[in-house]
Amino acid sequence: MKKIYIITIIVLLILIVIQQIAYRNDIKEEASLQQLYLKEIFIEYKGKVKSKDIQKAMNRLSSNNYKMFKYNEYNPEEVKQIYEKYKKNGFQDVQSVFSYMKSLKSVSNKNNCEILYIEIVPNTMQRTDEYTQFQLKLTFQSLQSFNVLLKLSNNKNEIKIKL
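Start counting at 1 in the sequence shown, then tack on 19, and there's your number in the numbering used here.
Each statement offered as a hint is correct.
Here are the computed lysine-lysine pairs in the BS3-like style, where the Cα-Cα straight-line distance is at most 25 Å:
1. Lys71 / Lys107
2. Lys107 / Lys89
3. Lys89 / Lys106
4. Lys71 / Lys156
5. Lys86 / Lys181
6. Lys181 / Lys104
7. Lys170 / Lys86
8. Lys104 / Lys86
9. Lys121 / Lys75
10. Lys181 / Lys106
11. Lys129 / Lys99
12. Lys71 / Lys106
13. Lys106 / Lys175
14. Lys99 / Lys121
15. Lys170 / Lys106
16. Lys156 / Lys65
17. Lys181 / Lys107
18. Lys58 / Lys71
19. Lys75 / Lys156
20. Lys156 / Lys170
21. Lys129 / Lys86
22. Lys121 / Lys86
23. Lys58 / Lys69
24. Lys89 / Lys124
25. Lys107 / Lys86
26. Lys181 / Lys67
27. Lys181 / Lys75
28. Lys71 / Lys179
29. Lys181 / Lys121
30. Lys106 / Lys86
31. Lys129 / Lys89
32. Lys181 / Lys65
33. Lys181 / Lys89
It should be emphasised that the hints constitute simulated quantities derived from the structure, not laboratory data. Since we're looking at a predicted model, the values are computed, not measured.
Given these sequences and hints, build the entire structure.
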């Protein structure tokens with residue numbers, strides 16, 4: 020009888036270890052999918068902005084989304100306050116903050132507003148002397164999405180997000 024308990028415990032421990040290894044591999048695969056848009060951008064973009072800077076900006080944007088639910092997007096003073104607070108995240112102007120908040124609140128709530136993954140909308144790259152612009156599709160944990168414009172400066176390390 021004791022042998023059966025010992026064998027059962029060993030089998031369960033082996034299953035737990037296998038599950039942990041499989042979960043770790045899933046996380047690595049998901050992280051590589053989330054970075055795929057960066058590879059696509061840098062196939063076309065040859066400016067001063069680095070991949071890690073874009074990644075940081077998008078991570079800051081995603082991690083601060085829940086804070087935007089505290090504000091009323093129809094109050095101009097609050098929108099200006101948010102712009103001043105989050106312009107380091109790359110928002111181009113106050114109108115972009117307003118549009119982003121409005122879109123964010125229409126596709127998610129405070130509990131599922133982090134960006135799940137980012138895709139580049141095909142055939143939307145535009146290049147000028149000053150910047151290169153890509154249209155990104157942001158998909159949130161709510162599985163709803165909307166598009167933003169990502170402007171990367173060609174001459175200096177500057178990222179702008181516009182709706």
